[in-house]
Amino acid sequence: MSKDPLMQPFQLKHLTLKNRIMTTSHEPAYPEDGMPKERYRAYHEERAKAGLALAMTAGSAAVSKDSPPVFNNVLAYKDEVVPWITDLTDACHAHGCAVMIQLTHLGRRTTWNKGDWLPSLSSSRHREPAHRAFPKLIEDWDIDRVITDFADAAERMQAGGMDGIELQVYGHLMDQFWSPLTNDLSGPYGADTLENRMRFPLDVLGAIRKRVGEDFIIGFRFTADEVQKDGITPEEGLRISKILADDGRLDFLNVIRGRIHTDPAMVDVIPVQGMSNAPHLDFAGAVKKATGLPTFHAAKIPDVATARHAVANGLLDMVGMTRAHMADPHIVQKIREGREDDIRPCVGATFCLDRIYQGGEALCIHNAATGRELSMPHVIAPAPGPRHIVIVGAGPAGLEAARVAAERGHVVTVFEAQADPGGQIRLTIQNPRRRDMISIIDWRMAQCAARDVRFHFNTWAEPETITDLNPDVVIVATGGLPNTELFEAGRDTPHVISSWEMIAGDVKPADHVLIYDESGDHPGLQAAETAALAGAKVEVMTPDRVFAPDIMAMNLTPYMRALQDKDVTFTVTRRLLDVARNGNKLRATIGTDYSDHSYQTDYDQIVVNYGTFPLDELYHALKPNSSNLGAVDYDALIAGGVQNVNTNPDGAFQLFRIGDAVSARNTHAAIYDALRLVKDL
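The opening residue of the sequence shown carries number 1 in our numbering; numbering runs sequentially from there.
Honestly, the hints are just simulated from the structure, not real lab data.
Treat each hint with caution, since some may be false.
[Unchecked claim] Okay, derived cross-link-like pairs now, DMTMM-like style, lysine to aspartate or glutamate, Cα gap no bigger than 20 angstroms in a straight line: (1) 679 - 518; (2) 537 - 565; (3) 585 - 596; (4) 37 - 79; (5) 78 - 144; (6) 229 - 251.
Model the full structure from these sequences, guided by the hints.
As structure tokens, this is what we get:
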């Protein structure tokens, strides 16, 4: 048997978990009609196949109709969920993976204009800032109803074959009762004593235990320290933990530290890149020590070394590696096989969660197969025979194409004009907070090196450079160059610089800087942060009604923390119309899409962030000599079929372009372009 602490079994009541690695509750937002159907099952089954010990599904499954889903949650209040739960649990159990589900009533952490349009409900009169709905103050009949709803939902999960459930007691309704910050009640459930505040969660626990019996596993995922004035303190959190342990009806604790009522608070609970790894691990260990109950925890534990430390030092019984498993679902298998260096790293970009909180589905920024298990492979199948594939560009798209082609068994040659791989990622990591993004490149370079991919750096590929190699396939992944044309102007804007020039340090910030951000993505705010840190007075302007919409909530927080104490202002619904010299200043003419109003303001420097135009000259030069004239069979691409377009029988090779060489998008789109094209070449 392995002596690795992570590979040791753990006995949870009657259930033997085969190792110490789990995914904690999270909602990837893959349900269909509120049901965890085939896509949902395939997502969890992929991790189960690779050796995961425990899949904690849903984050969270709603137990009541007045807890409408805010990110496509599983609807545990419907009887029709049972057969879908059965399919999910059976699929994971077939690989020796235990399965549980998190149940909740969202309370005020939802809204009223979804689902059945019922009012949101809480023990507090105040709305949660993140979801903005003013709740109804809960009544006694609501309390009785919701307790019954919890018991009904737990019984459905038991009927579906689940090994147990976890109750969500941070940020949601049960936590709203026991936090002094969100309890406006009086009487037996009121805020005057801890016993009263805890009464509702314990009543829910009692009703569930009565319904499902003693053998069914039940745990709480709860905050034991709200890290906020007048909230639950660490001392009270430990007291709560001991009360739960002494109660005798709980089988495990899953420890959280912090609150999730605002975007910044959420980021402190679930840290993003640039923040410390495992910031709450020692506190979770203190809860375990104080209670003796089996203790789980997850909060930015992205690497095996940290997970191993947590178990080896007795801080946790089960360690959650949830975002890490979105990046690589085969972590456990690679540990067992001695291939830890082969694990695709989580870079902390939190593209996954940010998408959920904007109503999207969870996707990993650099594993395009995650969430697409029904159509995209995590393990690349070999091709029927080797071909020579030439790739131009060693950014994320080009390197993913090279990796996948090499795993297919093809002979791969890559040309890159720069001295180093990485493309726009090289700009991203100029911000020290985002330096982990380079792992997207480093991992692919290591994968390519292991498969003998040939690289030519500092090489500007001309058409004859490519054709002289007699390739079978040419993939242009040359990316793009910054666009500084104003909206529909069709001409470059004079006197301005691009966000890239500011970020790269090619141009130093002046005293008074306008960041005109029409893309709303990272380079705009990264340029603003660069200028502000240099001491400039900065104005970030956008024609949109909100600024930086593509950065999304969790990744916006570090930018705001960096900028809040600087001389930075944000201007929305203003469009840059023109720029002219005015002595040693730049005079900006500024208008708005909402009226004919315009005005002029002087700045020392104007930075434009407006995406990229494709660097596609090579592609167009190669098109006439290609068999497909650059055309892509979209139906075959979507269905996972082979590209057989042959509109030019005299063509010498197939030609494709991917990523920003097609149009300005993002890292995930570039990698997805490469994977779904090359996996069938």
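Results for each hint:
no.: 1; hint: 679 - 518; verdict: 35 angstroms, violated
no.: 2; hint: 537 - 565; verdict: 12 angstroms, holds
no.: 3; hint: 585 - 596; verdict: 25 angstroms, violated
no.: 4; hint: 37 - 79; verdict: 14 angstroms, holds
no.: 5; hint: 78 - 144; verdict: 19 angstroms, holds
no.: 6; hint: 229 - 251; verdict: 30 angstroms, violated
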